[in-house]
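*Asks:* If you read the sequences in order, they're chains G and R. Mapping to the working numbering: the first sequence position 201 is 219, numbers consecutive. Mapping to the working numbering: the second sequence position 109 is 921, numbers consecutive.
Rather than coming from a laboratory, the hints here were simulated on the basis of the structure. None of the values given here were measured: they were computed from a predicted structure. Among the clues, some could well be false.
To be verified - Chain R side only, calculated, beta carbon under 8 Å to chain G, not exhaustive: (1) Ile-1007; (2) Thr-1010; (3) Ala-1015; (4) Asp-1022.
No residue lacks a Cβ here, since even glycine has one placed at the ideal position from N, Cα and C.
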Amino acid sequence: MADASPAAKVLLKVEHVTMRFGGLTAVDDLSFDVQQGNITALIGPNGAGKTTVFNCITGFYKPSVGRITMNHANGRSFLLERLADFEVSRKAKVARTFQNIRLFGGMTALENLLVAQHNHLLRASGFTFGAVLGLVGYGKAEAEAVDLARYWLDHAGLLERADDAAADLPYGAQRRLEIARAMCTNPQLLCLDEPAAGLNPRESDELNRLLLFIRKERGVGILLIEHDMSVVMGISDHIVVLDYGRKIADGTPDEIRSDPSVIAAYLGVEDEEVEEVEHQIDDLAGGTTA
Amino acid sequence: MAPFAMNGAKSKMQGGLMEYFVQQLVNGVTLGSIYGLIAIGYTLVYGIVGMINFAHGDIFMVGAFVALIVITALGLTASTGLGLSILALILVLVISMVVASVYGWTVERVAYRPLRGSFRLAPLITAIGMSIVLQNFVQISQGARVKPLQPIISGGHTLMRRVDAQGEFAVQISNMQIFIIVITFSLMVAFTLLIAKTPLGRAQRACEQDTKMAALSGINVDHTISLTFVLGAALAAVAGLMFLLYYGVIDFFIGFVAGVKAFTAAVLGGIGSLPGAMLGGMVIGLIETFWSAYFSIEYKDVAAFAMLALVLIFLPQGLLGKPEVEKV
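Next comes chain G alone, as it looks inside the complex (with noise of 0.2 Å):
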């Protein structure tokens, strides 16, 4: 299963997938890379198969064609549509979040954040019976969760709301919550689905400090879904273009901000009429366009 491609950096690769519901073809044959320690981010207008993607590299669906493989650092490789979804983020190391924020609402935040180290506690309490029975170990594995859910409750700013249910925390926490849970599974790559969508300017700031702070301190790939675009220039490494399933570009930013075929999807135009557009650009940005 292990890959020996030249590139030993990629964390998530993506090779031909396809899926199709029915008669509807969300995704189609779509290729890209995650590479370690970078955001890379999926665009593309609504309806473009970008949560489509997100289900399938999270074990939600089963992709018809193609395969998803994640590369760990230490060399391991999971064929993640293979894998059972409990193993996904077990095995595999990935964790996701959702467009509509997908919390324990009656837990606690701590609990929230402890659920998420479930795997390493149960092992821990002697499979439930060690800590029944008040064992020594388990309390110190206890303590060093609890340690770890408070260094990021502490990142995502919401140590002092430890205690509160995660269904009574604003919006804009709930969605930092998220992702700190997530971050409690220990990831290698963290996917994130529209984690700006509803936030405000001050909120959206906050969000974009966390990412990056996980990006450079912890070394987790990050694939993000965003439509907004400060968010997506202002902290990506690399961006894929979705648009009707299919991946129309794919580059840095700057290469993505004055791609033709983007601007067209965006705005809609017609096939015929990209190269028109396209053309515009080039007396726009005086002639020069890959």
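Mind docking chain R on chain G? Use the hints.
*Replies:* Coordinates of chain R only, in the frame set by chain G:
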């Protein structure tokens, strides 16, 4: 059908009103403990998979039979000293819990897991099927007749005594009742802590709220569900032993009556809520006991179910249940 006889319920003419009331309270709490233990199994399973495990009452019955078999094999009788018989009963309890857990696990594995994700009524129907299978299995292997057990823990304490013109009336709490109440309450405390504090409990609550998200946090949802059935079955086995000791007779059909009562208790308390199940069990036990003591023993079930109907009319989510929130 098992005789739901109460000690002390000889005649309401005997003794003063106060003494009679206290005696019924003791009896009601004992019965309520048994119902509460069974109700926890219903409520936990409902919370995590959203189905009513109708075979749960029969797991309780299997637990009672295993207890009877082990007690007979150990040769426990009333002549065994109190200390020794309590130790032996704890051994019986553990064996019965383990065997019932295996049954609970198996029922989930063969009858419910393959149907997860199927339409809502499918597991309900297999649950009824499993209930019939277990009843018939025990009926064939153990015989259809009522199985008696001589009292093992005898003796008791007099809480109150009153002598007047009508004679003497003493409020009794038997050692058996103390054993039942103490074991039940310690298990309930342990269980509440398990749900609140351990990783397993947290995983259970996480699966309850969002199964898919729990899986994405690395929780093996299938294992967690299996463990929920195992825990519910273990508590039902405890209730089975208590029932056996308290009433002294069991048959293959006790699971149905007790199961329906415990299910009622779980709904009354708010299905899905752990403290609700305990409270509901207590309420049903007390209503039944007081109704039989002050009104008529024939209509005690009617009283319990009427209470359920009333609560559901005015508090549709049960006593401690959370109101259903529409998910968008």
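*Asks:* Each hint needs a verdict: does it hold in this structure or not?
*Replies:* For each hint, the structure was consulted:
Of the supplied interface hints, the one on Ile-1007 of chain R is violated, with its beta-carbon coming no nearer than about 11 Å to a beta-carbon of chain G, more than 8 Å. Hint on Thr-1010 of chain R holds. Least Cβ distance to chain G is approximately 5 Å, under the 8 Å limit. Annotation: Ala-1015 of chain R was flagged as interfacial toward chain G, and the flag holds, the nearest CB pair being 5 Å apart, inside 8 Å. Because the closest C-beta pair between Asp-1022 of chain R and chain G is about 6 Å apart, less than 8 Å, the hint holds.
The structure shown violates just one earlier hint, number 1.
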